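Taken in sequence, the protein lines are chains R and H. Numbered per my numbering, the first sequence spans residues 493 to 844. Numbered per my numbering, the second sequence spans residues 493 to 844.
Hints are computed from structural coordinates only; laboratory data are not their basis. Be careful, since some hints might not be right.
Here are the simulated SDA-like cross-link-like pairs (lysine to any residue), alpha carbons at most 25 Å apart as the crow flies [what the hints assert, rightly or not]:
id	chain 1	residue 1	chain 2	residue 2
1	H	K844	H	E518
2	H	K494	R	A632
3	H	K494	R	F631
4	H	K844	R	E659
5	H	K494	R	G638
6	R	K494	H	F631
7	R	K844	R	V727
Far from chain H, by Cβ distances over 10 Å, these chain R residues were calculated [to be verified]:
id	residue
8	G660
9	Q698
10	E788
11	L815
12	G822
For clarity, every value in this text was computed on a predicted model and none was experimentally measured. Ideal placement from N, C-alpha and C gives every residue a C-beta, glycine not left out.
There are 2 protein chains.
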Amino acid sequence: MKQLRLSIIGFGTVGQGLAELLFGKEALLKQDYGLDVKLVSVANSRHGFIYRENGLDISMLLELAAARRPLTEHPGVSHWDNALEGLRATGGDVLAEATGTNLRDAEPGVSHIRTALSQGMHVVTANKGPAALYAQELFALAQAHGVQLRLESTVMAGTPVISTLREGMAGAQVQAMRGILNGTTNYILSAMAAGRDYTDVLTEAQAQGYAEADPTADVEGYDAVAKTLILAALVFGRSLRPEQVARQGITHITREQMQQAREQGKRIKLVASLRLLQEPAAGANTQTAPLEARVEPMALPENDPLARVDGVINAIAIQSDTLPEVTVIGPGAGRLQTGQGLLSDLIAIARK
Amino acid sequence: MKQLRLSIIGFGTVGQGLAELLFGKEALLKQDYGLDVKLVSVANSRHGFIYRENGLDISMLLELAAARRPLTEHPGVSHWDNALEGLRATGGDVLAEATGTNLRDAEPGVSHIRTALSQGMHVVTANKGPAALYAQELFALAQAHGVQLRLESTVMAGTPVISTLREGMAGAQVQAMRGILNGTTNYILSAMAAGRDYTDVLTEAQAQGYAEADPTADVEGYDAVAKTLILAALVFGRSLRPEQVARQGITHITREQMQQAREQGKRIKLVASLRLLQEPAAGANTQTAPLEARVEPMALPENDPLARVDGVINAIAIQSDTLPEVTVIGPGAGRLQTGQGLLSDLIAIARK
Chain R
493 MKQLRLSIIG FGTVGQGLAE LLFGKEALLK QDYGLDVKLV SVANSRHGFI YRENGLDISM
553 LLELAAARRP LTEHPGVSHW DNALEGLRAT GGDVLAEATG TNLRDAEPGV SHIRTALSQG
613 MHVVTANKGP AALYAQELFA LAQAHGVQLR LESTVMAGTP VISTLREGMA GAQVQAMRGI
673 LNGTTNYILS AMAAGRDYTD VLTEAQAQGY AEADPTADVE GYDAVAKTLI LAALVFGRSL
733 RPEQVARQGI THITREQMQQ AREQGKRIKL VASLRLLQEP AAGANTQTAP LEARVEPMAL
793 PENDPLARVD GVINAIAIQS DTLPEVTVIG PGAGRLQTGQ GLLSDLIAIA RK
Chain H
493 MKQLRLSIIG FGTVGQGLAE LLFGKEALLK QDYGLDVKLV SVANSRHGFI YRENGLDISM
553 LLELAAARRP LTEHPGVSHW DNALEGLRAT GGDVLAEATG TNLRDAEPGV SHIRTALSQG
613 MHVVTANKGP AALYAQELFA LAQAHGVQLR LESTVMAGTP VISTLREGMA GAQVQAMRGI
673 LNGTTNYILS AMAAGRDYTD VLTEAQAQGY AEADPTADVE GYDAVAKTLI LAALVFGRSL
733 RPEQVARQGI THITREQMQQ AREQGKRIKL VASLRLLQEP AAGANTQTAP LEARVEPMAL
793 PENDPLARVD GVINAIAIQS DTLPEVTVIG PGAGRLQTGQ GLLSDLIAIA RK
């Protein structure tokens with residue numbers, strides 16, 4: 493039995509989703525994976541960082557969070573106001589970083605991750621900010637300290653995309669990929685394809701929780717850009733800046749354009765794409781060839797595997813030298829779906 | 493740099509495909525994966541087993557094979573008539589078992605695999621026979637000897653299906669899966685959907701090499717049954733016998749049935765499915781719930797992610813507790829595509 497002492501920083505939807513899975517799957521993890529995860533610390537921005545040497549009671553934490561009561565009500569815990577200080581003082585084997593995404597400077601997530609890696613903790617994260625802006629630096633830091641940094645949930649939640657690219661397809665040289673990587677815009681475009689207006693659908697998506705009150709990050713393509721940056725770093729080893737991704741959102745798409753596409757047997761999707769502009773020589777390093785990165789609405793023919801991916805479902809199609817095209821379709825968001833990505837990353841860390 | 497001494501037994505399409513990838517990607521493997529694969533032995537049924545302590549010249553072996561000349565023409569090799577004897581005498585770190593599939597008794601592959609595992613060698617294989625008939629026994633043998641057995645290429649060639657199920661989705665409890673797992677039948681059904689007759693298409697598929705002279709294993713569903721058995725063992729931990737899979741082939745499907753399905757907005761596909769008949773309790777072992785296994789033509793609605801998978805492309809849709817449906821689409825056969833699965837398995841072994 494391998495024991496991992498886990499710290500979860502960020503105890504909103506994602507952090508709670510992971511905790512819920514760890515609680516519900518405790519027996520499964522022990523039996524099928526020989527893995528005993530002990531949650532020793534949790535932090536959120538409102539109540540600070542709590543730690544208990546012998547482990548925290550996950551169901552009690554979930555109840556406290558659901559009732560919006562302070563996590564410090566958990567008995568027998570030490571408390572720090574500041575998560576970084578608490579993490580430095582207490583440590584553990586793995587940090588699950590689950591604070592909110594900030595695409596400007598990636599804080600506070602990137603500081604949590606740097607601190608954890610520097611003190612020899614593995615890190616799993618669903619936070620797109622650090623992954624989009626600092627992936628290369630953070631992977632180097634992880635390597636320098638002999639620990640792992642895993643990011644499955646930053647792209648398409650727990651749908652296995654990053655593990656597919658880095659492990660499932662290991663040895664294949666990826667030449668291009670195209671993805672529907674944002675659920676909100678795909679939900680809107682799918683409804684528009686059925687004849688509805690952008691504004692109506694956006695309002696409905698906001699009411700259903702599929703779109704935020706300020707939908708800019710989604711509808712202008714910034715969220716898809718962040719995921720494109722993550723994939724550029726993970727697959728092509730490039731540190732692109734957001735401005736290096738040609739970006740166009742969906743706000744100007746009209747019902748008429750959707751209609752016209754439909755008449756031509758096509759579907760308009762917000763497509764994120766990465767493409768090497770020169771084919772690398774067999775076996776050669778792909779890190780020097782020019783890389784094109786784009787996020788833009790595209791009219792896809794109906795036989796394109798991405799064309800029929802509707803609603804909040806996401807998808808990615810990967811072209812490589814040995815596998816002409818592999819497509820992975822699955823959920824791109826959700827509490828347990830995102831928690832699942834953190835869980836599979838935890839298991840991967842335990843296995844290695 | 494990690495060095496793996498590799499033996500390839502079976503030097504037909506698949507074995508040569510792996511060798512070609514190892515030759516072409518030697519620099520990439522060293523640079524990106526820190527992996528130095530040294531091919532020390534090769535065997536085929538015509539020329540027996542050859543071994544060279546300091547490694548074989550892969551390009552020379554590929555030339556000899558292409559010219560149908562004896563592999564023993566490679567200079568400086570030791571030779572055994574029998575692959576098992578050669579393997580026992582010489583060993584290595586990893587066996588790539590790539591002899592042809594035999595669904596009756598899995599020989600000679602299963603003997604090669606048993607021998608390798610028993611002498612502490614890891615095994616990667618594309619051979620469906622041992623995986624379909626003896627997976628549980630072979631995994632137990634691998635575990636007993638502290639080595640890995642990896643089977644990516646036995647289902648959908650190098651398209652990452654098994655790694656997705658076992659690693660990318662680790663921690664998720666799979667409840668059901670449905671797949672288009674046979675390229676020949678999907679090619680025939682896709683052409684029939686375009687209005688052609690079964691017999692015509694079969695003849696054409698045979699001419700193009702997509703179907704064998706005796707197409708029974710494909711068109712009667714036996715190949716899909718083998719893959720269903722492999723998935724039952726890997727995902728649900730069950731040793732099913734072929735007779736436990738309800739099987740129906742595609743030979744009785746008429747042009748009229750295809751037409752009728754089309755008029756109803758449906759597509760007929762040969763679908764392999766596995767489904768737990770009781771939902772396991774959260775965290776509970778899934779190995780006791782009854783498991784339904786079927787291979788049969790099904791009329792799928794057009795919005796089913798499997799419905800539009802045409803030609804020799806394969807696909808699998810996986811339902812689990814945390815990810816409602818994940819679909820993986822990709823090539824299901826081919827020299828380099830199958831070699832790719834063996835390569836990713838080799839890299840996984842080197843990483844652990």
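Satisfaction of hint between E518 of chain H and K844 of chain H, Cα-Cα up to 25 Å: Holds, because 20 Å separates the two Cα atoms, which is no more than 25 Å.
Restraint check for K494 of chain R with F631 of chain H, where alpha carbons must lie at most 25 Å apart: At roughly 21 Å apart (the allowed maximum being 25 Å), F631 of chain H and K494 of chain R satisfy the hint.
Minimum Cβ distance from G822 of chain R to chain H greater than 10 Å, as the annotation requires: Violated, since 4 Å does not exceed 10 Å.
Distal placement of Q698 of chain R relative to chain H, Cβ over 10 Å: Holds: least Cβ distance 23 Å, greater than 10 Å.
25 Å Cα cutoff - pair K494 of chain H, A632 of chain R: holds (20 Å)
Given as non-interface: E788 of chain R, partner chain H, CB spacing beyond 10 Å: Consistent with the label, E788 of chain R stays out of reach of chain H, its closest Cβ about 23 Å off (over 10 Å).
Hint consistency between K844 of chain H and E659 of chain R [alpha-carbon to alpha-carbon, up to 25 Å]: Satisfied, since the Cα-Cα distance of roughly 12 Å is no more than 25 Å.
Minimum Cβ distance from L815 of chain R to chain H greater than 10 Å, as the annotation requires: Given that some Cβ of chain H is not farther than 10 Å from that of L815 of chain R, nearest at about 6 Å, it is violated.
Assertion that G660 of chain R lies outside the chain H interface [Cβ separation over 10 Å]: violated (3 Å)
Hint consistency between K494 of chain H and F631 of chain R [alpha-carbon to alpha-carbon, up to 25 Å]: This hinted pair holds, its Cα atoms lying about 21 Å apart.
Distance restraint between K494 of chain H and G638 of chain R, which requires alpha-carbon spacing of 25 Å or less: holds (17 Å)
Hinted pair K844 of chain R and V727 of chain R, Cα distance within 25 Å: holds (21 Å)
Of the hints listed earlier, those the structure fails to meet are numbers 8, 11 and 12, in rising order.
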